[in-house]
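Each chain, written out:
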Amino acid sequence: MAQLSDDTQTPQGDTAPAALPGDGLREGIVDTLRNDIGEALIDTLLKPNDDLWVRVSAESWLATGQALKAAGFTYFCFLSAIDWMPSPFGNSQDDPDDEPKKIDMTIKQGYTGGETRMQVFARLTDIDRHVGLTIKADVADDNQVVDSWSQLFAGANWHERECHEMFGIGFNNHPDLRNMYLPGDFEGYPLKKDFPLLARMVKPWPGIVDVEPMPDFEEAADAPAAEAPASAIEGAES
Amino acid sequence: MGLVDKGRLPAPLTKLFNLSRSYSLWVYQWGLACCAIEMGAAFGSPRYDVMRLGVIPLPASPRQADFVCVSGTVTDKMAPAVKRLWEQMPEPKYAISMGSCANCGGPYWDSYSVTKGVDQIIPIDVYVPGCPPRPEALLEGIVLLQQRIKNEDMAAKWRGDEFTTLQRTRAMEAGEVDRDGELISDTHSISDEPMAEIASAHPEPIVVGGGPIE
Amino acid sequence: MTLTDRQQLSYIASQAADARLNVELETEGMTLNIGPQHPATHGTLRIIARLDGEQVVWAEPVAGYMHRGYEKLTEVRTFPQVTSLVNRIDWLGSFANEVPFILAAEKLMEVEAPPRAQVIRTILFELSRIANVSLFLGDLGVQMGAITPVFLAFRDREYILNLIEGATGGRFHPNFDRIGGLKDDLPKGWIQETKGAVKKLEEFCDTIDDLLFGNEIFQSRMRGIGVIPADIAKDYGLSGANARASGIDWDLRRDQDLPLSYDLADWKVWTHPDGDSWARCWIRLQETRESCKIVGQLLDQIPAGPVMTKVPRIIKVPEGEAWVATENPLGEMGYYVVSKGDLGPFRVKIRSASFNNISIVPWALKGVYVPDIITILASLYFILGDIDR
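Chains as they are written, first to last, in the numbering used here: chain P, 1 to 238; chain A, 1 to 214; chain G, 1 to 389.
Worth flagging that the hints you see were computed from the coordinates, not collected in a lab. Accuracy of the hints is not assured; some may be wrong.
[To be verified] What follows is a set of in silico ranges between Cβ atoms, one per label pair, in the way DEER data are often shown:
1. Lys268/G / Arg47/A: 52 to 60 Å
2. Leu25/P / Pro229/G: 26 to 34 Å
3. Ile217/G / Leu152/P: 51 to 59 Å
4. Gly54/A / Val202/P: 41 to 49 Å
5. Val111/G / Leu25/P: 47 to 55 Å
6. Leu211/G / Ser24/A: 27 to 35 Å
7. Pro88/P / Asp52/G: 23 to 31 Å
8. Pro229/G / Thr106/P: 46 to 54 Å
9. Asp128/P / Asp342/G: 36 to 44 Å
Glycine residues also receive a C-beta, built at the ideal position from the N, C-alpha and C atoms.
Please work from the sequences and hints to get the whole structure.
What follows is the structure in structure tokens.
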């Protein structure tokens, strides 16, 4: 039986402005994490007054979650993955009559680097200190499996199911990796970069007719502000 | 009514039947996405008030409905359920496709999980374009459907002169015609003459705002 | 603490329910399927519940009937095209979906909207919250068999939709936000009209407060039902009013530094200690009032100036990664945008509020009675487009 709050006692709201996190706090978080998991912390990136990224080894994925939860990051925000391979189909917005552009297929990871094609990443928030961070880990190319967080954060259960369905990444000790979105007979992992969008292959992008030569980047930046807004963006989106 | 079955119905009686049918339409609302809210505004809000047109929203089941309003994105996972409920509706039945997604896939034309148009699974009588269409546009679609019902020759439909929605559905299932009602060419048993007749008898879908949908 | 009569009655009823549980009764198991199309669900969520008599032993939501593949589609669209797509995630408060994505792109491009655009953005953001939550408040009655509130909601929501249409041209999906500002300035007379509409919405909140929240049936079906403690809520990543109803004092409008003008207004973040269905609905009612207050105050503080900053004609977002989340009507909505310096994003992870909010359903429905399934789902408040994306 839940305790009911009395009618006479008005539920409270907080009006006090909260202090926003500084970079010092974020540095402290990195130090604490390094103490906890040691060598497994591979790289960190702190953008001043913005955000914090850390990359850990795949083996310590679960240990990192545990250490961060103990350090106050009790709020689970999301978990997903990135396929860093450039899409072999380009951005699907080129005219099919043009000569196909050569696509540079070198895999280049984003912030905090990486060595593999697939990376899992998650975000945790400390609600009391108003600070969050993004955790990344490489997933080995030959064995795309990491430990599950579902025992640690109950919310990770569905996110891992989604990630498994979209990227084909497996999660050790996950209770139930069924498909969440797609019908059972669907083949392939849609968010992998080499998954083709068949409608785009069959029919060229209808927006091609609107693509016309535009003035150079510098020219537009020097143009008066009055004419920049309306035409600039409408042209690009139609 | 035995008269209808035999295909002999006096014209005034047809008119009376059609009038009463068109002003007591039970609509089964198949609200799927954004359009469902605009459909809700048309059906449930005091400003648009669909009941003044003789349309009765919220039947208990599709078995009591005269037409279905499919509003929103139909996904491949949802498509079997849409088809199943369409089959549960009794004849004569009509379908309105509301919104770009139900018409042709809309903004998700290139998605891997969206059915590109509900007309791939059920035959549609009225298309209401828009993303989402305003409630007024849906009301116009309903009025156009009522006009079609008023001009329908029930006895002729029964005789099979006109390609009814049920026949079209069955013919589609049997693989005799494609979804536009055009005969698929490899059915040799039918000669050229009735083929032309059937093609001309099949009612063209109505598009609110006129003009074909691209 | 002296209990009121109503609280005593509710306590006795729950004690009786507990007592019944302890008696070994011969009951037959049954599986109940609700959905995917059901008038009591907002959209096409399907719930499969295993029942023991009147009690739910196990319940599982089946999502995916509205999965449209947003994250893949963003990869083949340019940045300005993505806003017209993400409009349709949470279709009741469309403008609120654009803002975090545009802010993330602006962060990567290191541009900032002019002050006038920031204030107008905040006003439109709050208006879309009112449009969203007012329908929730109306729909709440339908879940319990009261039809009147939903008519009131549809009537008063039209005022807000008209305002959004007047300013943006789009009644439902405005697609008004641009990288670097807004597409257009406000039309003439809009501010005056908004002031009138906000008053009407405040009256609507008072009506709903009387009609629903003051209703004894409503209270006895909501109070003490579906309690979610704060630590469970954090574990599942519940956000927005669902988290604040469990006593978590967390509001992204106040607790982070974004180029939106919430600090210009005097308003309050409401929390409630109970964590039950009633608290979640009550918080949303208070939030609608606060939103009306914010809009009313900001309307007097719109600074003069342009609504668009200088941006290149063809938008290429520099290489980098950015995470921006805002407090949307449903909760924390965030975009993790990865750009490779191309016309379109390389990867966009959409963290939508309903996905996390509804993942608690198997936990929250365990052991409740069948009629409570609907009220708990209604009070958790989800939109299918926001779950499945």
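Status of each hint after checking the structure:
1. Lys268/G / Arg47/A: 52 to 60 Å: Cβ of Lys268/G to Cβ of Arg47/A: about 33 Å, so the range 52 to 60 Å is violated.
2. Leu25/P / Pro229/G: 26 to 34 Å: Given a distance of about 27 Å, which is inside 26 to 34 Å, the answer is holds.
3. Ile217/G / Leu152/P: 51 to 59 Å: 41 Å, violated
4. Gly54/A / Val202/P: 41 to 49 Å: Check passed, 43 Å falls within 41 to 49 Å.
5. Val111/G / Leu25/P: 47 to 55 Å: 27 Å, violated
6. Leu211/G / Ser24/A: 27 to 35 Å: 32 Å, holds
7. Pro88/P / Asp52/G: 23 to 31 Å: 53 Å, violated
8. Pro229/G / Thr106/P: 46 to 54 Å: The hint (46 to 54 Å, Cβ to Cβ) holds, given that Pro229/G and Thr106/P are roughly 49 Å apart.
9. Asp128/P / Asp342/G: 36 to 44 Å: 39 Å, holds
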